Amino acid sequence: MAASDLDVAYVAELARLKLTGEETALFQRQLAQVLAHAAKLQELNLEGVEPAAHAVPATNVFRADEPRLSLTQEEALRNAPRAVNDLFLVTKVLE
Amino acid sequence: MTLRDLPGLTMTALQELLRSRAVSPREVITALHERIEGIEPKIGAYLSLDLQSALSAADAADVNLPLGGIPIAVKDTISVRGQPLTCASNILRNHRALYDATAVVRLKAAGAIPFGKTNMDEFAMGSSTENSSVKPTRNPWDLERVPGGSSGGSAAAVAAGAAIGSLGSDTGGSIRQPAALCGVVGLKPSYGRVSRYGLVAFASSLDQIGPLTKSVQDAALLLQVTAGVDPQDSTSLDEPVPDYLSRLESDLHGVRIGLPKEYFRAGIDPEVKAALATAGAHFESLGAELVEVSLPHTDYAIDAYYIIATAEASANLARFDGVRYGSRAENPANLLDHYGRTREQGFGPEVKRRIILGTYVLSSGYYDAFYLRAQKVRTLIRRDFARVFENVDALISPTTPEPAFKIGERSADPLRMYLADIFTNAANLAGICGISIPCGFAENASAKPLPIGLQILCPALGETRLLQIAHAYEQATDWHRRRPTLTS
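Chains as they are written, first to last, in the working numbering: chain S, 81 to 175; chain X, 1267 to 1754.
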């Protein structure tokens, strides 16, 4: 996969990350270098190799479905950037 | 021994003084605080320090507990209830932890006193601590140089005698690499050995919490207390925790140590190479047998690592949306503007770069070529280690190809910065354990001697053997006793 396929402006939109024009150009250049280095991975024949999502075989762990202590409402709101009437204040979603 | 000497002590030496009542926990905190105040202007290892709560904890400390009355500095990506938890990021600059990480719960239960949150690369992304949004940390051996990263504050504080011991986190070398560059001991436990609950997630399949200390014994002590299964972290391993401390002393006769030939090729600083050769000879004189081995996929590890780590980071950092915690952009025009500007203002350049890279390798059309391929390479890297560990007990290598580099030297070149982790990140991909211990000094790189780190790797859950080998080497050398000359 050619590194030049990377379109930083488009990917930034996907990541919900605003970038300045300068940052976009800089990242475009720097990440092209990183991806060019990573092109090495295309050399390998990986047929029949299973992907490893984890270092150790992971299995689902379930706990008993019982209520337990969690944050209080006051605590949960303590780090909120904006809170009103004991609720998170969010930016308007519907017009 | 005066009170001024206390901050330079190992945990075990301090423990003895506390138990014999030669010093009180309050005196320790006071002396440490003075030392920190004195040298912080030079080093910049800490992001926050809560003297009052440390003194209250000291007054209540039970010195007969395993870590009774011993202060431990904690990297600012690990939650300590009531203390700031900023990850050295603007987006969390006003954030305070609502609960203790499991590792911190266990430290406290063992009598330790969390004291000070240490500087780091923002969200643990970096190898020099220059990516902190607050300030750089300086290497106590040469203030013009980086301490390594991302746990650079923890490593520098321990090296400078501004912490007794410390906790860091290691995703691709973030404990071992700064430990090497600052001349201290840094242990990355096997994946799942220490609970990640309360550690702000960078790359969840790679992250581990571990100690940075002045001796191998201290690292064993901190691992002993923090290790073990935790119902709050489904990836923590339900395996018994051996008694690392009582088994620390061991004879290396018959121990087989592998030298992976791929780790000793071109690009290594000649003084690092020479220090490793001397260390190898040392192991032989202790009775160990050295064997050349091969990890054929070594050259692919760094690329697989940066694809997997950034992919996971882009997903983990999606939670910073300016709604429930973290800062939020003012007067957003709409929801997209809210997200876009909140994250633009909240994240620094390296974090943005990694979010972009991680989002790209996960995006439609590129997932198979990059992310899936990197995960398959991860399988090959795991197999490489599994194969060599059938024949050797441990592997040794340099922790880093070069000693500490100058502040600013690599910050404009991310690829070159990423290559600082070339010897450490395979261990995270494979989930095995590793340690960096001091093994010499580079005298020619700078006017001042710069520490060199020896990395030892053992199979997953092989910490007992790992610590035994590191301890035997440490007992036979005195590199770990050298301290930078820093006056406050």
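In short, the hints are calculated from the structure, not lab data. Incorrect hints may appear among the rest.
[What the hints assert, rightly or not] Derived Cβ-Cβ restraints for the label pairs, each shown as a range:
1) X:P1508 <-> S:V173: 19 to 25 Å
2) X:N1657 <-> S:R158: 51 to 57 Å
3) X:S1322 <-> S:A144: 33 to 39 Å
What you are looking at is a predicted structure, and each value in this text was computed from that prediction instead of being measured. Beta carbons: idealized from backbone N, C-alpha and C, even for Gly.
Between P1508 of chain X and V173 of chain S, does the beta-carbon spacing fit 19 to 25 Å? violated, 53 Å
Range hint compliance [Cβ, N1657 of chain X to R158 of chain S, 51 to 57 Å]: Cβ of N1657 of chain X to Cβ of R158 of chain S: about 54 Å, so the range 51 to 57 Å holds.
Should the hint that S1322 of chain X and A144 of chain S are 33 to 39 Å apart at their CB atoms be regarded as holding? For A144 of chain S against S1322 of chain X, whose Cβ atoms are near 36 Å apart, the range 33 to 39 Å holds.
Hint 1 from the list above is the single one not met by this structure.
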